[in-house]
Amino acid sequence: MKNKGMRMNTLLLLSIIGTVVVVLLSAMLLFFQTYRRALIRNAETSGQRTIAQVSNTVDTYLDDIDAVMNTLYTELEAGETARTEFFDAFLRIRPDVIAVSTYNGAGGLVRCYALDREPLRTPGSNLSLDASRLEAEPEGYVSAPHVVSLFAGYYPWAITMVSPVQTNQPEEWVALDISCSNISDYINDVGIGRRGYCFLLDTDGNIVYHPQQQLIYSDLKSENVELISTLADGSHVEGSVIYTLQTLDNERWRVVGVSYVEDVIFDSLWELGSILIIAALLILAATFLISAVLSKELSRPLQDLAGAMEQFEQDADNFSYEPGGGTREVRDLSESFRHMVLRVQQLMGTVRQEEVNLRKTELRALQAQINPHFLYNTLDSISWMCEQGKNAEAVQMVNALARLFRISISRGHELIPIRSELQHAESYLQIQAHRYKNQFVYRFDVDEECLDYLCNKITLQPIIENAIYHGINGLVDDGEIAVSVKGEGEDIVFTVADNGSGMTAEQIDAIMSKERSDHAGIGIKNVNDRLKIYFGSAYGITIDSVPDEGTRVHIRMPRVREEAPYENK
Amino acid sequence: MRTSKKLLPLLLAAALLLGGCAAPSRGASAAQHKVWLVAKSTDTAFWLSAFGGANAAKAEYNVDLTIVGPETEEDYEQQNAYIAEAVEQGAEAIVFSAISYTENAAAIDAAADAGLKIVVIDSDVDSRKVGARIGTDNVQAGRMTAAAVLDTEEESLCVGIVNFDLGSRNGQERELGLRQALEEDARVTGAYTVNVQASATAAQTGVEILLAEHPDVNALVGLNEPLAVGVALAVERLGLSGKVRVVGFDTNVQCVDLMRSGTVSALIAQNPYAMGYLGVETAWQLLEGQSFDPDRLIDTATTIISAENMFTIESQKALFSFG
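Quick note, the sequences are listed as chains A and B, same order.
By the count of my numbering, the first sequence reaches residue 1603 at its end, each step adding exactly one.
By the count of my numbering, the second sequence reaches residue 330 at its end, each step adding exactly one.
A portion of the hints provided could be inaccurate.
[Stated by the list, open to error] A short, non-exhaustive set of chain B residues, derived as facing chain A with CB atoms under 8 Å:
| id | residue |
| --- | --- |
| 1 | G60 |
| 2 | A63 |
| 3 | E243 |
| 4 | L245 |
| 5 | S248 |
| 6 | V263 |
| 7 | R267 |
| 8 | N278 |
| 9 | Y280 |
| 10 | Y284 |
| 11 | S328 |
| 12 | F329 |
Note that these hints are calculated values from the structure, not bench results.
Glycine included, C-beta positions come from ideal geometry on N, C-alpha and C.
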């Protein structure tokens, strides 16, 4: 019982805290999930807004380049000198334009205008014009990023815009090599979230401009272009990355925004999360305290009650119970227990009393019995005396016998004055002295002040009987039986001493623990039992015996003046 | 019950503590790390590109970066002075490219002993206290050079090697790889080395000496950027374009021009931008507590660019910096 099962307050504590933890966790989880979704949606929206702005800017730039193209168409119609002057001025105000070149129908370079630079006469491969695309795309095209290979010692990265043109010379195409410097300044500054950025992708999956282009070219960074190319315009969450795409007006380029879910979540959620966690911990702490106090309040009276019950179990007689505090149920329980304790103790008292009474009745019944052999023998003796004419002796015997019985009966009282008890003993001794032909002598040594106290009747007789039967009988020398009564403090001690053959320890044990086997008269055990029943375990008979020297039997009892309280006990 | 009475408040305290500790630890270390990059030179295209990479990492990792380098690629004493200065200025890490494998070692050891993290890029130093090594696998690059030299119809080849200072580890490794690979080819009749200062002018003189001593040399190799430029210029000046195969290192624009004009047959393009970037990035990572195996080179890609493939998009990316 003690080791099995859980204590009530532990159970209470655990279940309350467990419930609170589960509720808290699920609430927080739910909240985080919802909030995370909201945050991502928010991030997507703001990403889209940013990308829209970038798109606008790049569109504006491309419109601007278109406008430049239109100007070029006009200017290309002018004469050679005018052209040179124009391009010189134009290239100076447009540093983002690296070169303007014109090509014939076969893609051969006709003219190339660049600021302070002359094209190589034999450029070998010219990356600014992809002749193979001209036929397929008569409206012109925008190239992927490449190096301008028109010049010696100057290899800038550029994007080429190729358009058909009509001039008075054998030129059919004009190509504009544009550096990304104008766009880059803008795109480099775009940030989405903490680490997000955007870049330009063309519809073929080439990166047109990326803030970390050189890192990508050096294989230190990479973009998942294959995946991004398949995404439609709008926002897409791919793993931990949010891609936001928007196709530009020219339908060739797309602006791609890259931002990280982590950033979005952590930047805003972390702060909130820490507050939430602290709040949750506080709630937990409060729950813990409250439930600890509560469970203690609930369980302590119960524990007390349990302890009280255990005590009661161990010592029901001397247990007294005062109900403690606690909840009403516990109070009721305690009160019931108190009632029960009282009732049980009452019942136990009753039972014990009944037992004592029963025992007393039994003993009394025994007392009333007279050993018939003793009576016959005595009567035989008297009869014999009468026959012999020993009238005086016969009278003495009859008187002794009469006194013996009178005192034995003594109107049903259990306690009689010691004086009477001594007379009883003396009568018995007189009779026995006759019967045993004066084999022994006896004497009394009585403290006079004890005579008026009470004692159980027939206390001495069984002991004297024992002294005669087991001590004196069969003794060759003269036996002597000495009866003494002495006050000893609050007690009175009777001693019956004989100089007979004595008893062994086994014999003493036997007469102290067994009723007489002949069912005739009262045994020593009976005397002892009565003493203990009447006066308690401190009183009773003790026997000292030395074989061949004699036996001393001590009877201890309190000084008793009145019979009444003992009689009713 | 006795244990649980003690346990529960403990648990509670632990939970509170956890919550308290977890709260402020976001936004990777706010402290800016102070890193010095000590280069071998400051004016070659190679190093300018490396600085570009370093600056990209500087921006990305918010590093307080100082870039220094001596005027000539022989001045290891100046490098040692820079290392000492870095220590004095309170740098936490040095990204270092050693001019001398041996002569720079003491200074680097001293800096490492002063608690600085050392990242070697490009050119190694004889120190056990280097935290990480990044750069070209130079023996392999030497073998690639040999492959470029041997990529010809020519039936016999006599190779002149223009190498820089003997004390520089990477130059010696490149030559080792080169010579190993050349010996494996029966067409090679000889390989002669001349060691010169790492400048185009010195290289031209070196070529003249080589050609004078070994007139049968029909292939020349310049084992770093200024030497490649010098070799190419010398061959062009001597009117040997097309007769003598030229294989150079790195991507100097002069070499590119001379490759277009046919003087240079091939260039071994290292990835200096990556070295600079990874150098600073690795220094930052070391300072943030990561560790690397310094005996395992973090290899930055090396590519052979030949006249034929020089304008493929990959070659463009390797040859020309985006700016």
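To see whether the hints hold, each was checked on the structure:
1. Interface hint at G60 (chain B): satisfied, since its Cβ lies 7 Å from the closest Cβ of chain A, which is below the 8 Å cut-off.
2. Given hint, A63 (chain B) at the interface with chain A, holds; its Cβ is 6 Å from that chain's nearest Cβ, closer than 8 Å.
3. The beta carbon of E243 (chain B) comes no nearer than 13 Å to any beta carbon in chain A, farther than 8 Å, and the hint placing it at the interface is violated.
4. Given the 8 Å rule on beta carbons, the hint for L245 (chain B) is violated: about 20 Å separates it from the nearest Cβ of chain A.
5. Nearest Cβ of chain A to the Cβ of S248 (chain B): about 14 Å, over the 8 Å cut. The hint is violated.
6. The restraint placing V263 (chain B) at the interface with chain A holds, with a minimum CB-CB distance near 7 Å, inside the 8 Å limit.
7. Proximity of R267 (chain B) to chain A holds as hinted, the smallest CB-CB distance being about 6 Å (cut-off 8 Å).
8. Residue-level restraint check for N278 (chain B) holds (minimum Cβ-Cβ distance to chain A is 6 Å; threshold 8 Å).
9. Checking Y280 (chain B) against chain A: minimum C-beta separation of about 5 Å stays under 8 Å; hint holds.
10. With a least beta-carbon distance of about 6 Å to chain A, the hint placing Y284 (chain B) at the interface is held under the 8 Å criterion.
11. The beta carbon of S328 (chain B) comes within 6 Å of a beta carbon in chain A, closer than 8 Å, and the hint placing it at the interface holds.
12. Checking F329 (chain B) against chain A by beta carbon gives a least distance of about 4 Å; that is within 8 Å, so the hint holds.
In terms of the numbered hints stated before, the structure departs from hints 3, 4 and 5, listed from lowest to highest.
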